[in-house]
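So the sequences go chain by chain: A and B. The opening residue of the first sequence carries number 1 in this note's numbering; numbering runs sequentially from there. The opening residue of the second sequence carries number 1 in this note's numbering; numbering runs sequentially from there.
Honestly, the hints are just simulated from the structure, not real lab data. There's no promise every hint is true.
Simulated crosslink set (SDA-like; lysine to any residue; CA at most 25 Å straight-line) [said to hold, decoys possible]:
#1 A:Lys425 <-> B:Lys121
#2 B:Lys425 <-> A:Arg171
#3 B:Lys425 <-> A:Asn169
#4 A:Lys121 <-> A:Gly83
#5 B:Lys121 <-> A:Asn169
#6 B:Lys425 <-> A:Ile173
#7 B:Lys390 <-> B:Ala354
#8 A:Lys121 <-> B:Leu235
#9 A:Lys425 <-> B:His97
#10 A:Lys425 <-> B:Ala49
#11 B:Lys390 <-> B:Glu295
#12 B:Lys390 <-> B:Leu327
#13 B:Lys425 <-> A:Ile237
Stretch-level coverage of chain B by chain A, calculated; a stretch enters the list once three of its residues show a Cβ under 8 Å from a Cβ in chain A [stated by the list, open to error]:
#14 10 to 22
#15 56 to 66
#16 126 to 140
#17 150 to 156
#18 245 to 253
#19 340 to 351
Positions of the beta carbon are idealized from the N, C-alpha and C atoms, including for glycine.
Number of protein chains: 2
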Amino acid sequence: MNPDLMESLGRILGDRLGTSDAIRAQHGSGESFHPPDPPDAVAFVDSTAEVAAVVAACAEHETPVVPFGAGTSLEGHVNAVRGGVCIALGGMTRVLHLSQEDMDCRVEAGLTRLGLESELKGTGLFFPVDPGADATLGGMVSTGASGTTTVRYGTMRENVLGLTVVLANGRVIRTGTRARKSSAGYDLTRLFVGAEGTLGIVTEVALRLRGVPEAVASAVCSFPGLEAAVNAVTLTIQTGVPVARAELLDDVQMDAVNRFSGFEYPIQPTLFLEFHGSPDSVREQSEAVAEICAELGGTGFRWATRTEDRNELWHARHEAYYAGLALRPGARGWATDVCVPLSELAGSIVATRADIDAEGLTAPIVGHVGDGNFHVLFIIDPDDEVEMAKADRVNSRMIDRAIAVGGTCTGEHGVGFGKMPYLAKEHGEALETMADLKRALDPRNLMNPGKVIG
Amino acid sequence: MNPDLMESLGRILGDRLGTSDAIRAQHGSGESFHPPDPPDAVAFVDSTAEVAAVVAACAEHETPVVPFGAGTSLEGHVNAVRGGVCIALGGMTRVLHLSQEDMDCRVEAGLTRLGLESELKGTGLFFPVDPGADATLGGMVSTGASGTTTVRYGTMRENVLGLTVVLANGRVIRTGTRARKSSAGYDLTRLFVGAEGTLGIVTEVALRLRGVPEAVASAVCSFPGLEAAVNAVTLTIQTGVPVARAELLDDVQMDAVNRFSGFEYPIQPTLFLEFHGSPDSVREQSEAVAEICAELGGTGFRWATRTEDRNELWHARHEAYYAGLALRPGARGWATDVCVPLSELAGSIVATRADIDAEGLTAPIVGHVGDGNFHVLFIIDPDDEVEMAKADRVNSRMIDRAIAVGGTCTGEHGVGFGKMPYLAKEHGEALETMADLKRALDPRNLMNPGKVIG
Numbered sequence: 001m002n003p004d005l006m007e008s009l010g011r012i013l014g015d016r017l018g019t020s021d022a023i024r025a026q027h028g029s030g031e032s033f034h035p036p037d038p039p040d041a042v043a044f045v046d047s048t049a050e051v052a053a054v055v056a057a058c059a060e061h062e063t064p065v066v067p068f069g070a071g072t073s074l075e076g077h078v079n080a081v082r083g084g085v086c087i088a089l090g091g092m093t094r095v096l097h098l099s100q101e102d103m104d105c106r107v108e109a110g111l112t113r114l115g116l117e118s119e120l121k122g123t124g125l126f127f128p129v130d131p132g133a134d135a136t137l138g139g140m141v142s143t144g145a146s147g148t149t150t151v152r153y154g155t156m157r158e159n160v161l162g163l164t165v166v167l168a169n170g171r172v173i174r175t176g177t178r179a180r181k182s183s184a185g186y187d188l189t190r191l192f193v194g195a196e197g198t199l200g201i202v203t204e205v206a207l208r209l210r211g212v213p214e215a216v217a218s219a220v221c222s223f224p225g226l227e228a229a230v231n232a233v234t235l236t237i238q239t240g241v242p243v244a245r246a247e248l249l250d251d252v253q254m255d256a257v258n259r260f261s262g263f264e265y266p267i268q269p270t271l272f273l274e275f276h277g278s279p280d281s282v283r284e285q286s287e288a289v290a291e292i293c294a295e296l297g298g299t300g301f302r303w304a305t306r307t308e309d310r311n312e313l314w315h316a317r318h319e320a321y322y323a324g325l326a327l328r329p330g331a332r333g334w335a336t337d338v339c340v341p342l343s344e345l346a347g348s349i350v351a352t353r354a355d356i357d358a359e360g361l362t363a364p365i366v367g368h369v370g371d372g373n374f375h376v377l378f379i380i381d382p383d384d385e386v387e388m389a390k391a392d393r394v395n396s397r398m399i400d401r402a403i404a405v406g407g408t409c410t411g412e413h414g415v416g417f418g419k420m421p422y423l424a425k426e427h428g429e430a431l432e433t434m435a436d437l438k439r440a441l442d443p444r445n446l447m448n449p450g451k452v453i454g
Numbered sequence: 001m002n003p004d005l006m007e008s009l010g011r012i013l014g015d016r017l018g019t020s021d022a023i024r025a026q027h028g029s030g031e032s033f034h035p036p037d038p039p040d041a042v043a044f045v046d047s048t049a050e051v052a053a054v055v056a057a058c059a060e061h062e063t064p065v066v067p068f069g070a071g072t073s074l075e076g077h078v079n080a081v082r083g084g085v086c087i088a089l090g091g092m093t094r095v096l097h098l099s100q101e102d103m104d105c106r107v108e109a110g111l112t113r114l115g116l117e118s119e120l121k122g123t124g125l126f127f128p129v130d131p132g133a134d135a136t137l138g139g140m141v142s143t144g145a146s147g148t149t150t151v152r153y154g155t156m157r158e159n160v161l162g163l164t165v166v167l168a169n170g171r172v173i174r175t176g177t178r179a180r181k182s183s184a185g186y187d188l189t190r191l192f193v194g195a196e197g198t199l200g201i202v203t204e205v206a207l208r209l210r211g212v213p214e215a216v217a218s219a220v221c222s223f224p225g226l227e228a229a230v231n232a233v234t235l236t237i238q239t240g241v242p243v244a245r246a247e248l249l250d251d252v253q254m255d256a257v258n259r260f261s262g263f264e265y266p267i268q269p270t271l272f273l274e275f276h277g278s279p280d281s282v283r284e285q286s287e288a289v290a291e292i293c294a295e296l297g298g299t300g301f302r303w304a305t306r307t308e309d310r311n312e313l314w315h316a317r318h319e320a321y322y323a324g325l326a327l328r329p330g331a332r333g334w335a336t337d338v339c340v341p342l343s344e345l346a347g348s349i350v351a352t353r354a355d356i357d358a359e360g361l362t363a364p365i366v367g368h369v370g371d372g373n374f375h376v377l378f379i380i381d382p383d384d385e386v387e388m389a390k391a392d393r394v395n396s397r398m399i400d401r402a403i404a405v406g407g408t409c410t411g412e413h414g415v416g417f418g419k420m421p422y423l424a425k426e427h428g429e430a431l432e433t434m435a436d437l438k439r440a441l442d443p444r445n446l447m448n449p450g451k452v453i454g
């Protein structure tokens, strides 16, 4: 890397500039199967002003910058594919503002989801977006994260009130206000949500919070087929039951959790449900859904409200990822996702399962059914080219089918570079408009280059 | 207007090109007090292809285009302030797609909210965003509309799945998919929501629909002061009651509806509430809120579930606008709005009421309390310069106070040209980023010029 730039960065960061092979390697990839691309240096920043100074220094030397949170991304978002400086925000974890009355907060982008959870303890408030991984809030903004509770509480898009963003020229802007809604100009907040650091680096996040529900009920039910399980959730939503979580595990996944945790669930598609509300309301919701499940051939419906019982019921869901990996010791996981209209979900999963089986791959399927979103976890050996090619083909065909029925190539994992080849098919001419926006905000293509937009 | 352009437009539209003074005058303003600016011609378009052809022809002659829906906007959005061609979309009212299973639809931008309501009759579905006026869906997208049900169902931002948009160069793009969520690239949909036609013209809108609730309950309660009324709603939300509507009418507004409709309500701040759910759930919600209201000094709490009784209870709210105008026969209404954090709402309304009274103006206040959004309706004589200057000062000070406490200069009316002077104060440097986006998508400033971005 340019020695003048190194000197500038050293002046800004002191000993918080990392250049050792170990530190660079740690910051060269997320949790995905994609091979790593280490940055030339890692800037352990401590404030928005430092991020702005680092970005400005890099801009002066035409050097790319790549933001890095907790490194939990799945499609190569954090890989330094063109080298440059990794801006590691994990040290920026301050809570800048928290209002119980307004049910909102403003935090630095490096605070993680679970870090926020512990900050909120005792306030009666919680932040509902739960992608599973303990990602940073800045990372969750940047991938437009969602997860198990999205069916009730929405994605990051619906729960971010505003941002502080460092632009390509080193200038700092604040988007949004503390008001719950606004019609005052272009929605910059939502433009940076899901932009994966390619339009600017998010350094602060203002979030909408929710009241911790008075009561929570969890439920589990097995189904004779995928269609019945999906239809149970569709009908639940149509009936107006405000289900808070509705997770589907397919038969391969249920077999995996049985083996991993010693359960004896039927090897059948199984729904894991959760209800939030008053004690009366969660009982009413559970009863209504039990009836719907029974009508559709669901069996073994169990529900619980005590925390220990609920945790036990949901244990199988929480273990799904590691149970999947354990199907083949030593193998890696390649997690991919698509999202389709609800009416297409059962068909999409059935077709994908058949394709996986025809290729002879091991790959459990888990779905956020209420959103039409499902995940395939290929259990693979990244060094086996034949196997990787098979997984790639199954992934491509799954995406093609999703796009053909009006869906999207990724519901929540994001694009990184892993899903870039599919954007043209999904967006058509609109991809050119995205490129126009990229050129407008980052004319020299230095903000996380090689991601999202080619 | 350029005769070559007139000829081109005539070829595209035949007799659907209006140039008479009457037609031009009809399309020169919305419902606001702002004086009209008639366009040079009105293109009564019938398809996306026609809009694209008109935009391309106008671009060739450097002529502005201004989209027009139902003409219900309040800040001069549809005024042709630099002349040019009005693109009237009111004839484009087809329902292109409607899925009960997926609870979504795709409609042409000229369909109005009530038009959609009648299309959805018998499906068990409804579209929840209700700004009051019978605006077109395209117009509601373009102002980022919201309204009485936003506290429960969100604004247009949360309820639009995708759009068809004609860009400045005449190209047509589709944004979004039929999937409920996506992380596949920049969120173009949300960029056009609230852009007021300055980045492109929305011709089709894909919407998320909701299940008609099994039961609805309405309630009314009077309060000794604004603070108590606002606190009742805040507490309701914090407690997790999923209130569907929470409208505040101040004492001046209550006096107006008493006079207009012969009611005998106490001349006090009054809440109008609505609850959606199962019969048990709406009873439980109503009882919980009745208790909260009583604790805060609320009196005369009444609630009802039968449609006729509910309509009677909410009659005063529905008549608020006309009751306000009737306070001074012959006068016009100037409606303005701001949105602030909930904790600042009571203070903002009290300060605004004091300011209105000090200036000697007549102006009832109505608020969507759950969102922190409130409206002032100045009842004025637009020809009285002194009075107009007073209203302008009250409006400016209300906005300054809103911005000072972290709020926005408009929660749902939009910018048009009426609120343009306040954007710099609200957004700071971020306004420059908005201008960058405008230049990127409309480099010759022909899309509704003179609105939002200067």
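Hints versus structure:
1. Taking the CA atoms of A:Lys425 and B:Lys121, the gap is about 36 Å. The hint is violated against a cut of 25 Å.
2. A C-alpha spacing of about 17 Å is found between B:Lys425 and A:Arg171, which places the hinted pair at or below 25 Å, so the restraint holds.
3. For the proposed pair B:Lys425 and A:Asn169, the alpha carbon gap of about 22 Å is at most 25 Å, so the pair holds.
4. Proximity of A:Lys121 to A:Gly83 is assessed by CA-CA distance (about 40 Å); at most 25 Å being required, the pair is judged violated.
5. About 52 Å separates the Cα atoms of B:Lys121 and A:Asn169, which puts this hinted pair outside 25 Å; it is violated.
6. A hinted pair counts as satisfied when its Cα atoms are at most 25 Å apart, and B:Lys425 with A:Ile173 qualifies at roughly 13 Å.
7. The suggested pairing of B:Lys390 with B:Ala354 holds, with an alpha-carbon distance near 13 Å, which does not exceed 25 Å.
8. For the given pair, A:Lys121 sits about 19 Å from B:Leu235 by alpha-carbon distance, which is consistent with the 25 Å threshold.
9. Among the hinted pairs, A:Lys425 with B:His97 is consistent with the structure: their alpha-carbon atoms are about 22 Å apart, no more than 25 Å.
10. As the CA atoms of A:Lys425 and B:Ala49 are separated by approximately 22 Å, the hinted pair is consistent with the 25 Å bound.
11. With a C-alpha separation of about 39 Å, the suggested pairing of B:Lys390 with B:Glu295 is violated against the 25 Å cut-off.
12. For the given pair, B:Lys390 sits about 18 Å from B:Leu327 by alpha-carbon distance, which is consistent with the 25 Å threshold.
13. The suggested pairing of B:Lys425 with A:Ile237 is violated, with an alpha-carbon distance near 43 Å, which exceeds 25 Å.
14. Counting residues of the segment 10 to 22 of chain B whose C-beta sits closer than 8 Å to any C-beta of chain A gives 0, which falls short of three, so the coverage hint is violated.
15. Coverage of a stretch by a chain is defined here by at least three residues with a beta carbon nearer than 8 Å to that chain's beta carbons; for the segment 56 to 66 of chain B and chain A the count is 0, and the condition is violated.
16. Counting residues of the segment 126 to 140 of chain B whose C-beta sits closer than 8 Å to any C-beta of chain A gives 0, which falls short of three, so the coverage hint is violated.
17. Here's how the segment 150 to 156 of chain B fares: 3 of its residues keep a CB closer than 8 Å to some CB of chain A, so the rule of at least three is met and the hint holds.
18. Residue count for the segment 245 to 253 of chain B with a Cβ under 8 Å from a Cβ of chain A: 0. That is fewer than the three needed, and the coverage hint is violated.
19. Coverage of a stretch by a chain is defined here by at least three residues with a beta carbon nearer than 8 Å to that chain's beta carbons; for the segment 340 to 351 of chain B and chain A the count is 4, and the condition holds.
Checked against the numbered hints given earlier, this structure breaks hints 1, 4, 5, 11, 13, 14, 15, 16, 18; the rest are met.
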